[in-house]
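Colleague: This is what each chain is made of:
4 protein chains.
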Amino acid sequence: MIEGEKIVLGIIGCGRIGRLHTNNIIYNFPEVTIKTIQDIEVGSLMNWAKDLGIKNITANSNDIFSDNDINCVLICSPTPTHIDYIIAAANTKKDIFCEKPIDLDPKKTNVAIDSVKRNGVTLQVGFMKRFDKTYSLMKKMVSEGKIGKQYIIKITSRDPYLPPLNYIKTSGGIFLDMTCHDFDLLRFLTGSEVEEVFVMGDVFIDPSIRQYNDFDMVIVNVRMANGSLGVIENCRKTNFGYDQRIEMFGSYGSVYADNPLVTTISLKSDNIIEIDNQTYWFMERYKDAYIEQFRSFFNSVKNNKPPLVNGVDCLKAILIGIAAKKSAKESKPVIL
Amino acid sequence: MIEGEKIVLGIIGCGRIGRLHTNNIIYNFPEVTIKTIQDIEVGSLMNWAKDLGIKNITANSNDIFSDNDINCVLICSPTPTHIDYIIAAANTKKDIFCEKPIDLDPKKTNVAIDSVKRNGVTLQVGFMKRFDKTYSLMKKMVSEGKIGKQYIIKITSRDPYLPPLNYIKTSGGIFLDMTCHDFDLLRFLTGSEVEEVFVMGDVFIDPSIRQYNDFDMVIVNVRMANGSLGVIENCRKTNFGYDQRIEMFGSYGSVYADNPLVTTISLKSDNIIEIDNQTYWFMERYKDAYIEQFRSFFNSVKNNKPPLVNGVDCLKAILIGIAAKKSAKESKPVIL
Amino acid sequence: MIEGEKIVLGIIGCGRIGRLHTNNIIYNFPEVTIKTIQDIEVGSLMNWAKDLGIKNITANSNDIFSDNDINCVLICSPTPTHIDYIIAAANTKKDIFCEKPIDLDPKKTNVAIDSVKRNGVTLQVGFMKRFDKTYSLMKKMVSEGKIGKQYIIKITSRDPYLPPLNYIKTSGGIFLDMTCHDFDLLRFLTGSEVEEVFVMGDVFIDPSIRQYNDFDMVIVNVRMANGSLGVIENCRKTNFGYDQRIEMFGSYGSVYADNPLVTTISLKSDNIIEIDNQTYWFMERYKDAYIEQFRSFFNSVKNNKPPLVNGVDCLKAILIGIAAKKSAKESKPVIL
Amino acid sequence: MIEGEKIVLGIIGCGRIGRLHTNNIIYNFPEVTIKTIQDIEVGSLMNWAKDLGIKNITANSNDIFSDNDINCVLICSPTPTHIDYIIAAANTKKDIFCEKPIDLDPKKTNVAIDSVKRNGVTLQVGFMKRFDKTYSLMKKMVSEGKIGKQYIIKITSRDPYLPPLNYIKTSGGIFLDMTCHDFDLLRFLTGSEVEEVFVMGDVFIDPSIRQYNDFDMVIVNVRMANGSLGVIENCRKTNFGYDQRIEMFGSYGSVYADNPLVTTISLKSDNIIEIDNQTYWFMERYKDAYIEQFRSFFNSVKNNKPPLVNGVDCLKAILIGIAAKKSAKESKPVIL
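Residue numbers (the numbering used here), protein chains in the order written: chain R, 50 to 385; chain V, 50 to 385; chain H, 50 to 385; chain P, 50 to 385.
None of these hints come from the bench; they were simulated from the model.
You can take every hint at face value.
It does not matter which identical chain is meant; a pair holds if it fits inside one copy or across any two.
Straight-line alpha carbon distances no greater than 20 Å define the calculated EDC-like cross-link-like pairs of lysine to aspartate or glutamate that follow:
{"hint": "1", "residue 1": "K375", "residue 2": "E245"}
{"hint": "2", "residue 1": "K195", "residue 2": "D319"}
{"hint": "3", "residue 1": "K218", "residue 2": "D208"}
{"hint": "4", "residue 1": "K381", "residue 2": "D251"}
{"hint": "5", "residue 1": "K198", "residue 2": "D208"}
{"hint": "6", "residue 1": "K286", "residue 2": "D226"}
{"hint": "7", "residue 1": "K188", "residue 2": "D325"}
{"hint": "8", "residue 1": "K354", "residue 2": "E54"}
{"hint": "9", "residue 1": "K157", "residue 2": "D133"}
{"hint": "10", "residue 1": "K198", "residue 2": "D251"}
{"hint": "11", "residue 1": "K378", "residue 2": "E244"}
{"hint": "12", "residue 1": "K104", "residue 2": "E80"}
Given the structure is predicted, the values throughout are model-derived calculations rather than measurements.
Sequences are here, hints too, so could you generate the full structure?
Modeller: Written as structure tokens, this is what we have:
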């Protein structure tokens, strides 16, 4: 983007996540213009978009790509459409924010990454957890040597609800739709690459998941290039909300990020102490991270600086996920 | 306000708090129009207001009162100007949000309250702590009987910085500028009135405060109309940030609101465990409460419903403050 | 006591607290001999004492005072008997541990203290909370300057049960039987003396307490000789166990002692987080302090060193309690 | 043991752990007689034993086995001596408490177990963690269904110090000397058996450990017979004390046992909050469990009830450890 230019956005795909981003941008970045939004179901968008003051609503993504006023696109459509949209945006010299994953297929992902590189545009991928203030502080502390030499990182990530079976059918499975976030965090927080992965998993919650060769509970062990170890635990469903905790332990200390709680209220009564629950859902837990992700993206775009999460970061998370799938299938460690 | 009418705001006074409200309204209530802002130092406002898209900037408050488009005013100017502005707004049938306190003088405050009543407009006063989600939950729990019969409420409220001596000179002293928030919380949370007050206080931090017959550390004991007791502790300065805690204890249990922490990070190292600090400053601690206060105000205005904090609430906090001053001076309990 | 001499104990009074001490000494200080125990109800002691290997059981306290083998006595009988027993022990040159209070009457207390002084024996009084490791650490931190200049100390102390009315009738009331512990902690932790006291109190739990001009809930404000302030809150009964918390706040920081919990177990389930309860009863909360109190006492006795809590400490707690009673009655601050 | 018979103990081996048990028994179980203690280094025992009032000190274990007064033995000598001592005790009809492990060789262990069975005596093995009140409560809660169907158990266990290399040389390695405790807890808490084990480990702390084909940091994944999964993380050394945490997560909730802290003290100062450290060493962390283990053992012995931890429990922990070693060596999962 030319320095000093104003960001003019086109948003492709206005489902749950597209609307979240739209709202966040309108309320937090008034200096950014949303010129056009696209979705194949235009009808349901009309009232919502009008209330937000967005003028152009279209079912045709070319209305965005062919618009020279628009210098930046957000791709929030279903995963299989990402590659074509990225290429179209790159070829029309628009900077790109794309929801994760770029694609489940590493080869196609590489094609998109190449197109971005060739056209000299910016591509940021939606691993919003990197922008959480807690994990940012953790990374800073580890970088400053507060835990010394890294020994192990342990991530617990559990969802409050099982996603619909339809989602699981096309998502690529738990390693590609859920653990991929943790693979990315692993790389971000350790500053190192995954070299070996081993999986133990099972189906505890919904037996019908088995038909997709998928799991609803997995333990993923990793060995990193810097010699440290890692354990990720994922579960599709809890009875107590969204459970997101990380510990990094090293020669000098251990840093831990616990779940934030909804309030600081506690109640002592009848010989029990109750404390308020942790935040229940990812949109609540990562509310600020979703905003910070765009602060960082708009900053990269405006100043032609590399984004904090690029296409290769996404590709690597997918490659680890594919290795995890292989380990689960063959019941042995897989070297990347 | 006529039902269905759109809120069109005039904002009087754009110092620190006026700007905070302006920003909060622009980012969170896009359906509300800010038509005109006033401040005696117009010059310094120009760029800031332009960036926010506010068109009319004036040094003359009459530009607001005489504008029939404007149906609602925010009064964020210095305390001594409040009464006149409230009366002017009431007489021109505008709904009013006024920063606390309305005035340090109860008689003048009553004049303003009468004017509001006579003109049938809404007046909400800026005790934003009532809108904090933690205290709201506390009130709900107490109302639902979770602690049974109320025995005692204990409030700790400590500021991170000493305010400038100039401020203390005109603020009415610690009971009227600081404890008044806690007097209001006391009334809000207990649902009862203060009947007796006793003060023990001292000057620990800055001896020059003594010349204004003021304190920088006070303990205020109260007896409520519902029979329960209360203790407020206030200090002007800590070495560790903003300290805001409340406990309510009764026959069936005890509910406690601790300080929220900046993050959930903890670090174990070298035989010490460190946890992240509490939020440092009131704007950070009550960031959401400042927004919720306007959600509630706009809601009252649009639906002609009484506000959660009205002029009488403010008057009562001031009257308790005056009684506290008397108790401190005479070193004995004072009955209200 | 002559250096190198072995401690040979006589124990006077074997009610609840006498038996607790006897057990603690047998299990923790095998080098100390309990030669004789006395209680007016000898019968009920027989089996218990025999099981513990104690040979001499008597109803007559003179069997202890006239026994030259016995060089140390524990006085655990009812308060009105303390003075005579202390004098008898002092006159027979025995070191003395006496349960608190020595007496409710300061004059009589002084007589006992004089007798101890004249005979050159050691007298330690049973304010066991001083020996709690948490409060010891707190005192150490404050002494080392961790909180800088002391501003305020806040003590919350609530019992899980109402004592029997019979107890209240003769105990001297809440200030002398309950708050006196906190007056002693106040003096211990601040290293300073109480100069002024003001009380607000009420009867919330059992109206029949009113007939003894007593309270079941009190707030006691104090001003210390070092200029710092204090607030003690006492309640006779909670619905959630023994509640014992202390905060000391000063120019450089704030140190806080929370309630210890029974275990570190927490349970997240059904959108609630429960943590284990605090210890329920003083014998559980101060289990170790009761032992440490004797470690310190035996150490003083063996090495002829002054005890950590002497007769004057007890006298001062009583004098503050009497001032508190006066303040409650007259509803004004009382200078000591 | 014949009902009503008094327990008369012989203690074999008086190193660190033998002395700990001896002290615990003397101070907590005065009804149990310690008649004779044995150690190959009698000289260093003399003063210590005399102070405790133990009369018979011997270097010859036969003095214990041939003594018909002694009906119970504690075996606290080095591991390679356990088998012979167990057999000797069983053959002389003495009940047995043996430190863990019985032996590193499952065959020899079986021989000892057979001898115990044949002679109808009691054998309890020293997995003291089962007697910790926190883990006991956890087991109770899981048994009562508080977490519903078990999904996963996660154990973190880290020592504060590296043991001497000499110890590692003969201990059987980390899986047999350290993880075996966690294997036992796994079986105890889940009520199920380990069916599959996979290990990822490394040497982070002392490279000289490699020469013994051992690790100082391991992640052990397990699959249990009841379908649930498990992860144990062990490390030989931290910079912040003994770190012992367990989480059990299931369909209905999650129960967590955090580290107990030394005191409940926290200090806010200079924009940092410090809390007191966790207990530093296993003797401090499991102080009460060491006593409860003997309460349970003496109870089993007196009432001829099966002990809570028997020889087969020990054997199973060893078998899992051997499987873990194999998994680590072959870098693949091992089925038991």
